[in-house]
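Residue numbers (UniProt numbering), protein chains in the order written: chain A, 1 to 91; chain B, 1 to 91; chain C, 1 to 91; chain D, 1 to 91.
Note that these hints are calculated values from the structure, not bench results.
Accuracy of the hints is not assured; some may be wrong.
Pairs count within a copy or across copies, as identical chains cannot be separated in the list.
[Said to hold, decoys possible] Mimicking DSS-like on lysine-lysine, the simulated pairs with C-alpha atoms at most 27 Å apart in a straight line are: (1) LYS77 with LYS50; (2) LYS44 with LYS77; (3) LYS44 with LYS82; (4) LYS50 with LYS80; (5) LYS77 with LYS15; (6) LYS19 with LYS82; (7) LYS44 with LYS19; (8) LYS50 with LYS82; (9) LYS44 with LYS80; (10) LYS82 with LYS15.
Fair warning: this is a prediction, and the values are worked out from it, not measured in the lab.
4 protein chains.
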Amino acid sequence: MTIRELQSHISGREKGRGKNASFLKLMEEVGELAEVIRRNHRLKTNQSIKGTVEEELYDVLRSVVALANAYDIDLEKCRKLKERYQDRRWK
Amino acid sequence: MTIRELQSHISGREKGRGKNASFLKLMEEVGELAEVIRRNHRLKTNQSIKGTVEEELYDVLRSVVALANAYDIDLEKCRKLKERYQDRRWK
Amino acid sequence: MTIRELQSHISGREKGRGKNASFLKLMEEVGELAEVIRRNHRLKTNQSIKGTVEEELYDVLRSVVALANAYDIDLEKCRKLKERYQDRRWK
Amino acid sequence: MTIRELQSHISGREKGRGKNASFLKLMEEVGELAEVIRRNHRLKTNQSIKGTVEEELYDVLRSVVALANAYDIDLEKCRKLKERYQDRRWK
C-alpha cells in the first residue's frame, strides 16, 4: 500500500477527528508505544499483535496519517518537497 | 510541599527507574493526559480523581520529578539558574 | 518554593496561554528535553544552564505548571487526592 | 511510494540510530510539530516547506519509519495483522 492509499484507506476506516483531537490522539498512541517499549512487549509467532511494540508502532503511524488527513496534507507530496529542499542544501 | 520536598517524597514513595525507563514513563503519563483532555474528563465534587485531567496532570508532574531524581537533578536549583539566565537576557 | 507558590510565580512571570496552546507548548518542551537527553548535554560547573538536560527538564516542569494554571488546577490538592486514592487501594 | 519502499528508502537516506535514540528523535520531531501547529505555520504556494506543519508532519512520519527500522519491524505486515485483529473483533 502506498502512503497516499494509506491516507484514503484510513479516512475510509476511521471516523475523522478535528485537528486538535487528532494531535491529542497521536500523543495517546505515542504514550501507549512508550509503555510497550518500556515493558519490551514484542510480537511472538502465532500470537496476537495486541499490546505489542508492533501494534503500537503501527497505531502511531496510523494516527500520524489521520492527523495529516485532518489538515488535508498529502504526505507523499511533503516527502518530495522535503527531499528536494534537503538535496539542494547538501549539494 | 516544596519542589525539593516533592523530589524526596516521590523517591520515598516510588520504586526508582533508570533514566531511559523514567523518560518512557513520562511519555506514558503524557499520553494518558492527552486522552482525558480529549475526552474532557474533569474532577467533579465528591468524586474520585481517577481518570481525570486533574489526576493525569499530577501524574505527569510526578513523572517529571521522578525523571529529575533519575538524573540526580535538583529542580529548585535549575529554576534559579534558568531565571538568572532569563533575567540577564531581558535586562 | 512550594508547588502552589510555583503556580502563582509562573503565572506572574509568563503570559498565560489557552488550554490547547499550553498542551502544545508542553510537547515542544518535551521535544527539546528529548534532544538534550539524546545528545547528553549536561550542566557543567560555572557554565550556562542553556541547552542542557537541567534547563529542559525545568522547562518541562514549568510548562506542566503553566498547563495546570490554564485549567485552573491546584496541583498540591491533586497530589493529596491522588495519594489518598492510592493509599486506600494499597491498604 | 509504498510503506515498505519508504522503510528502505529512509534506511538508505539516513544514518540508522539505536532503538532508544530513535524514540528520542521521534519525540524531538513531535515537539517541533507541536510548535508549528501552535504557531499555525502552513505551507504557502511557491514557498519553502521549511518550518511548516507540512514539513514537521512528514518528519514525524519519517521518524516513525526510522523507529520501525531500528526495531526491524515491517509496518505493512503490522497494518495487516492489526486490521485482521480489528475485523474479527468488530464482526
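Do the hints match the structure? See the list:
1. LYS77 with LYS50: This pair counts as between: shortest inter-copy Cα distance 14 Å, intra-copy 32 Å.
2. LYS44 with LYS77: between (36 Å within a copy, 13 Å between copies)
3. LYS44 with LYS82: Answer is between; shortest inter-copy Cα gap is 14 Å, intra-copy 36 Å.
4. LYS50 with LYS80: between (34 Å within a copy, 13 Å between copies)
5. LYS77 with LYS15: both (24 Å within a copy, 23 Å between copies)
6. LYS19 with LYS82: Result: close both inside a copy and across copies, 22 Å intra and 24 Å inter.
7. LYS44 with LYS19: between (35 Å within a copy, 19 Å between copies)
8. LYS50 with LYS82: Between copies only: 8 Å across, 34 Å inside.
9. LYS44 with LYS80: Classified as between: cross-chain Cα gap 15 Å, same-chain 36 Å, threshold 27 Å.
10. LYS82 with LYS15: between (29 Å within a copy, 17 Å between copies)
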